[in-house]
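Novice: Residues per chain are reported as follows:
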Amino acid sequence: MSATIPRKGFFTDTSVCIGCKACEVACKQWNDVPEDGLDFLAMSYDNTGQLDANTWRHVAFIEQDDGGDMRWLMSSDVCKHCTSAACLEVCPTGALFRTEFGTVVVQPDVCNGCGYCVPACPYGVIDRRKEDGRAWKCTLCYDRLKDDMTPACAQACPTQSIQFGDVDELAVVADARVAELQAAGMVKAQLYGKPADTPGVGGQGSLFLLLDEPEVYGLPPDPVTSTRNLRSMWGAAAGAGAVLVAGSLASIFAGRRR
Amino acid sequence: MGSNMAENHPVGFQWVVEAKRRGARVIHVDPRFTRTSAMADTHATIRAGSDIAFLGGVVNYVLQNERDFREYVVPYTNAASIVSEDFQDTEDLDGLFSGWDADGRTYDPSSWQYEGMEVNAAAGNREMGTIHGESAHGAHGARMQESEAPKRDETLQDPRCVYQILRRHFSRYTPAMVQQTCGVPQDKFIAICDALCENSGRERTSAFCYAVGWTQHSHGAQNIRTAAILQLLLGNIGRPGGGIMALRGHASIQGSTDIPTLYNLLPGYLPMPSVQDDDTLDSYCARNTPPAGFWSAMRAYKISLLKAWFGDAATEENEFCFGHTPRMTGDHSVYPTLQGMEDGAVEGFFVMGQNPTVGGVNGRLNRNALAGLKWLVVRDLVEIETAAFWYDSPEIETGERTAEDIGTEVFFLPAATHVEKAGTFTNTQRLLQWREQAVEPVEDCRSDLWFMHHLRKRVMERIAGSDKPCDRALQDLTWPYPEKGPHGDPDPEAVLREINGYDGDGKLLSTYMTLKDDGSTSSGCWIYAGCFADDVNQPARRRPGQEQTWVAPEWGWAWPLNRRILYNRASADPEGKPWSERKRLVWWDEDAGKWEGDDIPDFKPDLRPDHVPGEGDTGPMALRGTDPFIMQADGKGWLFAPAGMLDGPLPTHYEPQESPVGNALYGRQQANPARKEFKRKSNPYNPTHGEPGTEVFPYVMTTYRLTEHHTAGGMSRWLPHLAELQPEFFAEVSPELAAEKGLVHGEFVTIVTSRSAVEARVMVTERMTPLQIGEGDQLHTLHQVGLPYHWGSAGMATGDSANDLLSVTLDPNVQIGEYKAATCDVRPGRRPRGAARRELVDGYLKRVKDLQ
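Protein chains in written order, with my numbering: chain A, 1 to 258; chain B, 1001 to 1852.
Certain hints may be false.
What the simulated footprint calls covered on chain B by chain A, stretch by stretch (three residues with Cβ under 8 Å from a Cβ of chain A suffice, anywhere in the stretch; the number is not a length) [unchecked claim]:
#1 1005 to 1014
#2 1722 to 1728
Only pairs whose alpha carbons sit at most 35 Å apart, straight line, appear in this in silico DSBU-like list of lysine-lysine [as the list claims (entries may be wrong)]:
#3 B:K1457 / B:K1681
#4 B:K1151 / B:K1516
#5 A:K188 / B:K1188
#6 B:K1507 / B:K1457
#7 B:K1484 / B:K1468
#8 B:K1468 / B:K1457
#9 B:K1507 / A:K188
#10 B:K1020 / A:K194
#11 B:K1188 / B:K1020
Hint data in this document are derived by calculation from the structure and do not stem from the laboratory.
What you are looking at is a predicted structure, and each value in this text was computed from that prediction instead of being measured.
Cβ atoms here follow ideal geometry from the backbone N, Cα and C, with glycine treated the same way.
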């Protein structure tokens, strides 16, 4: 791993998302992700539903009628490529790894389908594919990045709602855009994914400019890496175990006394 | 207005988003709150089919408050021109203009002329309806046979000047009338008027973007005319950031108008000859050539086209093979032709790049028509419903028809996709963009070019030795296309070279201005001359925008002459100075003695701003140096159209063919009197306001597209990654309508008209808003139902077709169907299966009959 490559990620500016779903299609086409069900969900224009093994980009549609002033929020969700990635930490085979670009990727030829990563993700992103049992999610187009190409979703986005680049630089762009929108009177405009917003995962590699609270978009307001407390939990478990062992021994000895 | 640009033109909409980032204000007026509305600063819900009332209201607001750009309007438009004293307005005749022939349901336009102008004799042949090509596109100003300019009153005070006629005509389009007719609250309407006026003038310009939401009406062409009047009054034509953008519904629909698939046009908007008027080349040219403006060289364009087609066979002696061109004998547009099929008068039909049984109005009539054919050829990517109509259709399902009783022989031929062939797309900006072939087509799939090329070759083998006169036209055709690739595809660049054309020395032309009428030059489409200048494929140029000027002339190639904004002489004031630094585009350079600019000036390059035509001046020299609209014989932008429109010189508010609302302006005239109705068994109409039985179909419906699918579905319903995004037909209704009719979100609704009954999933959404229409005791709530039309019985995402609900009612100018406004009933639950489906529709027809 080269230390000279800055961390790569996305900045999804939902204020200019037109809900065209080109990101969903481009992602599936490039990554050969199968169709995910021909079901009418009656969730506004969203028939994708959620991120899962067969959907790595998902455009949410939220209709808000604020006293006659209609608002239709659209937002393209994706893997957050967390700084502290629980999926990667629980993976027993090393199938999940952090790339030289700072992204989190599953190696399908290593994944054994144990599924530990699925409940570990605080966003519900990673998922096992029914057909082969393995875990799948956004790779941030690792193969394209290696060839110095833009990820398929960002390339296909017609309005630059999805921007790709160095996370540090994207954060600067994102801050400026939030300030611009707030100055224009959109007081709820906020950034989601910087370390300060999402300390529980140490910050995200995918930043989002939202026009409302994260919950409105189905995003956890305070995501926490499920492995964050593992060390202290192990400590507590070890302590509890010691008490248990001591108790058993005591009862054995007590029994002997009997 | 009339467009859902974010959904249907997402790639083009990036520039709207870009403009918004730079401070532009986006206003969306639409029957529904769509993904475009979501990106707009303002959205107004309008009743489908009432656009002229809305736009006319804005025109009235501009005129009443004198917000027009007067320094632009007086010299550049026909506001000052005096109209014949025989002209009578719809305000005088309760909804009709002068010249109405009630029996023929057509207008004699002679009273609409400028005062003192001779009326073209061809008007006497109007019983042939639309077969006169010049009525179809832009009129060429061809009706004006006099070279002297029309009388004008530059003070705009003469009661018969166009400005005063406009004022009177639109005076009843008040904000109150707009509210009562369109359902747009007055305060919102006035705010929109103000925003538009404030953003127009010397320093600022506003643009209109429209699509089939304006065209697909029985008064579609007049919707766009109203916008043209407004944009001329505000000075928003010929200037950067202005204009009226026709967003085309499919790649290269603009191209298929330039090099037309329309029956009444030839390449470059030359009219198709008609059987009774155009016996000879001379009579054809005389009839279609005005004395002034650039159409005055029409004979050179025409003869160059004939030379491109017939080469050495085209000589002065044989009128350059003018006799080989087919002649129109009547209205050969789509729907009359379909009825010809239904009646057995049309034997064969080629369907390429279209799925009419899903995409056309009244699918049942379309399928009846196909069943009346002897043979049908369908070329498409997949076996679309049009190809499968003989064994899979709603009529097969109801038992009305069986495969056994359909005698049509169907040939289905697989077509290559856009990535499997090279060629150009011409977009809405008239920009030709070359695309490369990425891969060879698979198996038997072939390009359209391959098909036409090899079809012609095989026909030629059959008629090689023929001496029949009817075969001569084919035998005389030039065919200079070398074959290449594994399938023997003709070289598309060779085709583009032929379209560009050659001069007398065999050199590729760089401009249409050097075309001659002596047979020494050739051009397959005069407006495209220059697209292959210097033997360079100009449309293939792809210099990035940031590496050139803001006009970006080296990205692709725009007709004519790589000019990006038409009529751009109007971007400068009468003296030739830009109206403002901010909006400068072209200007007169006195030292150089010519027009200069960031764009190619749309004017005779050395015609001085102070030029006044003298005795004997013709063509461009017959216009003044202040006449920017160089394709018009009077050089003016037409607020009032003295010729060219078949349904009136001014737009006026008419209701759609089917409407639950009475015409707010006219007692006698409910809908466009000149619209084309087709009263036949397969095309019954719902009763409209004022007729008994209107209450049977109380709701307004409108059909449209979604981003996720492509038109009639041939390119999307078979693709899993697209089909899964919108897998089922749904109907958008307001919570209020859902409550009124017991419709449950996510379950089914059946929509019924006199034509059909279809079922859809219910989408209850606050994006649909009930409207308050009328006033006083006539005030009532009106519900609209939104129906995307992509589905059919085949492919992965299947469903009923919304267009099956619609009737054939056409705009008289362009014969487009009224897709965007009709009436219907809705009822909860799924539609009946089998014969009961038809019985449900018949029950509605009976209810109407019982009420009459």
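Novice: All the hints need checking, so say for each whether the structure fits it.
Specialist: Going through the hints against the structure:
1. Coverage of the region 1005 to 1014 of chain B by chain A holds. Counting CB-CB distances below 8 Å, 6 residues qualify, and the rule asks for three or more.
2. Chain A is given as covering the region 1722 to 1728 of chain B, and this holds because 7 residues of the stretch bring a CB closer than 8 Å to a CB of that chain, at least three being needed.
3. Taking the CA atoms of K1457 of chain B and K1681 of chain B, the gap is about 42 Å. The hint is violated against a cut of 35 Å.
4. Between K1151 of chain B and K1516 of chain B the alpha-carbon distance is near 33 Å, which keeps this suggested pair within the 35 Å criterion.
5. With a C-alpha separation of about 25 Å, the suggested pair K188 of chain A and K1188 of chain B falls inside the 35 Å cut-off, and the hint holds.
6. Note on K1507 of chain B and K1457 of chain B: the hinted pairing holds, with a Cα-Cα distance of about 27 Å set against a maximum of 35 Å.
7. For the suggested pair K1484 of chain B and K1468 of chain B, the alpha carbons sit about 32 Å apart, so the restraint of at most 35 Å is met.
8. For the hint linking K1468 of chain B to K1457 of chain B, the alpha-carbon distance of about 18 Å falls within 35 Å, and the restraint holds.
9. Between K1507 of chain B and K188 of chain A the alpha-carbon distance is near 64 Å, which puts this suggested pair outside the 35 Å criterion.
10. Of the pairs offered as hints, the one joining K1020 of chain B and K194 of chain A holds, with about 27 Å between alpha carbons and a cut-off of 35 Å not exceeded.
11. As the CA atoms of K1188 of chain B and K1020 of chain B are separated by approximately 21 Å, the hinted pair is consistent with the 35 Å bound.
Hint violations for this structure: numbers 3 and 9, all remaining hints satisfied.
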